[in-house]
Amino acid sequence: MKPDHILETFLSWQNPAIFVFVFFIVISAIVILIKKDFIKPLKRRTEKLEDDNMRLMALFAELDPDPILRVDENGIIIKLNDPAKEILSLDVLGQKCDSIIPNYKELLKRTQISNEIVEIDGKHFTISLKENSLLEFVQIYLHDISNRIEQEKKIELYQENLRLLRIKLDNQNEKQRELIGQDLHDNIGNQISILKLSLQNFINNPETHKIDELYNKIDLLSDDVRGISHQLCPKILKEFGLVSALTQLVEVTTRNSNMNGRIINVNYEEIEDFNLTLGLLRICQEALSNIVKHSKCSEFEIQIAIEEGKLKLIISDNGVGISKEENKKPSLGLLNMEERSKSLLGIFEIDSIENEGTTIYLEFLLNREINHD
Amino acid sequence: MIRVLLADDHSLFRDGLKALLDNESTIKIIGEAEDGRGLVKKYFDLCPDIVISDISMPNKTGTEAAKAILNKDKNAKIIFLSQHTEDNYIYEVLKCGAFGLVGKNIVKNELIIAIESVYKGKHYFIGRTEQELKAILSRFNDIVEKNGDFILDSLTERENEVLIAIGNGFDRDKLARTLKISVRTLDTHRFRIMSKIGVKKQPELIKFAMDLKLKKERELEKIKPFNEN
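Read top to bottom, the protein sequences are chains A and B.
FYI, my numbering numbers position 118 of the first sequence as 118, with every residue one higher than the one before it.
FYI, my numbering numbers position 178 of the second sequence as 178, with every residue one higher than the one before it.
No lab work stands behind these hints, which were simulated from the structure alone.
Source: prediction; values computed, not measured.
C-beta atoms are modelled at their ideal positions from N, C-alpha and C, and glycine is treated no differently.
There could be a bad hint or two in this list.
[As the list claims (entries may be wrong)] Derived lysine-lysine pairs resembling DSBU-like cross-links, with alpha carbons at most 30 Å apart:
#	chain 1	residue 1	chain 2	residue 2
1	B	Lys215	A	Lys235
2	A	Lys210	B	Lys200
3	B	Lys207	B	Lys72
[As the list claims (entries may be wrong)] Pulled from the structure, derived: some chain A residues nowhere near chain B, Cβ distances all over 12 Å:
#	residue
4	Glu86
5	Glu116
6	Val266
7	Glu363
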């Protein structure tokens, strides 16, 4: 072979090395081109997407009315939205999240968090975590449920009070029944037996037994029946109305005491609604009994007025008032009044200044429709 | 002859009373009513000398009927019968203008005494003296504040303040704020004032307060030139 020929052969496609060499160059060129024009923008686009995503998350976090915290992979708080700033001071930025949410790490491990409640600065929040593994941060979403918890506590207290009231009412009912039963049996029943006996004696022996005695016995009996019936239902309310019943109440209350009581009737005229007037009378009875027992007042008054279709009743005294500590314990008397007002769809408010007195304010809509079952 | 009209919703009780008075020559029962409305009607139909009525009756209570009768006939003489003869009942019966109250467990003689003394125009309240009756009246009247016993001096300092403030314009919430008291407290003062000056409605109170303000301003104007002299 001639050297020329060898060279020619070497440089021709017949030489596999050349083929491989060219092929390699072409491939490299393609790879470089693709990398430059295609992958880079793709990566850039991905980055941009992530960036957008992050910005969106940030934006949503900013707009969210609930507090949101962002925590990096080391568990350090790196961002707060405005609501979060309101409940947490800015100092928490850069601090470990555990210092605010003690069970943060534990929560993070769990895949699902349901009904978890955390307490921060005396407030209660439900919590949910959202992890962004690509960007290596966690967003903590809090929802303030302090109001709900407070309401729940109030309801619990209310229920407890109701329970106590219920027990008191039951006891009172039982006591009343016992009393009435005793009265009927021991007193009325006995008297009727005696009367019957006397009548028999009178019939058998009209001369020695005087009819006056029989009259007297009947009088006593009717007095006792009257007493019992009055206990059960204040007849004066039905016969003369609320102001008369209140006047009697005040008179009985002040009769043997150093207190002065009065009724100021601004413009009240008797109303038809017996349930309401009976309720009001009972509330006033309770209020006056409280005044006698606790107030140490020298004067009290009941004001009654009708205004704008509402019946307003104000009971006030110049006594020692209800001290704040006492106020914390549910006073069954007050509770009773409040419950009664509520059942009549009324407003019950109590205002007390220590050593100046107590005022109870009641307001009822007139011409209402309530089912009295 | 004393002509009597009976009113009670229990016919048995009316019969008992009739039997009780039947053989009295000076007393004659000329009619019966079984409710308040019937009582008023029969009263003006029959013009009796005396009415003997139960207090609790359907269709107007006894006292409501009495008021209706007394409205038209000031000289009507009414005696009430009631289970209750306690002081508060005496007070209510006196207040409505009736002449007497006797217990339902009454004996014949007492009823006749009651009828005769009321017929002569005297009160008969289960044997109480006029003095005792007066004492009961004043005791209960003291409890129920009479509307309109007004003297400006009788307003407390605070009430005066409230009244003046009302004269300057009435808006419950605003007023409470300027006086630094709660709306409820304002109501308490307001009702006391209304009761003391004897007005029953809000507009009347406002008018009163404004008149008072004008009067005071006029007085001030009168004083001014005097001071300047």
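Is the Cβ of Val266(A) farther than 12 Å from every Cβ of chain B? With a cut-off of 12 Å, Val266(A) comes too close to chain B, as the shortest Cβ separation is near 5 Å.
Keeping to a limit of 30 Å between CA atoms, is the pair of Lys210(A) and Lys200(B) held or broken? Status violated; Cα separation ~59 Å.
Is it the case that Glu363(A) keeps its Cβ farther than 12 Å from each residue Cβ in chain B? Contrary to the label, Glu363(A) does not stay out of reach of chain B, its closest Cβ about 9 Å off (not over 12 Å).
Would you check the hint for Lys207(B) and Lys72(B), treating anything up to 30 Å between C-alpha atoms as holding? The hint is violated at about 34 Å.
12 Å Cβ clearance of Glu86(A) from chain B: Holds, since 30 Å exceeds 12 Å.
Are the Cα positions of Lys215(B) and Lys235(A) separated by 30 Å at most? 49 Å, violated
At 12 Å, judged by beta carbons, does Glu116(A) keep clear of chain B as stated? Holds: least Cβ distance 43 Å, greater than 12 Å.
Hint violations for this structure: numbers 1, 2, 3, 6 and 7, all remaining hints satisfied.
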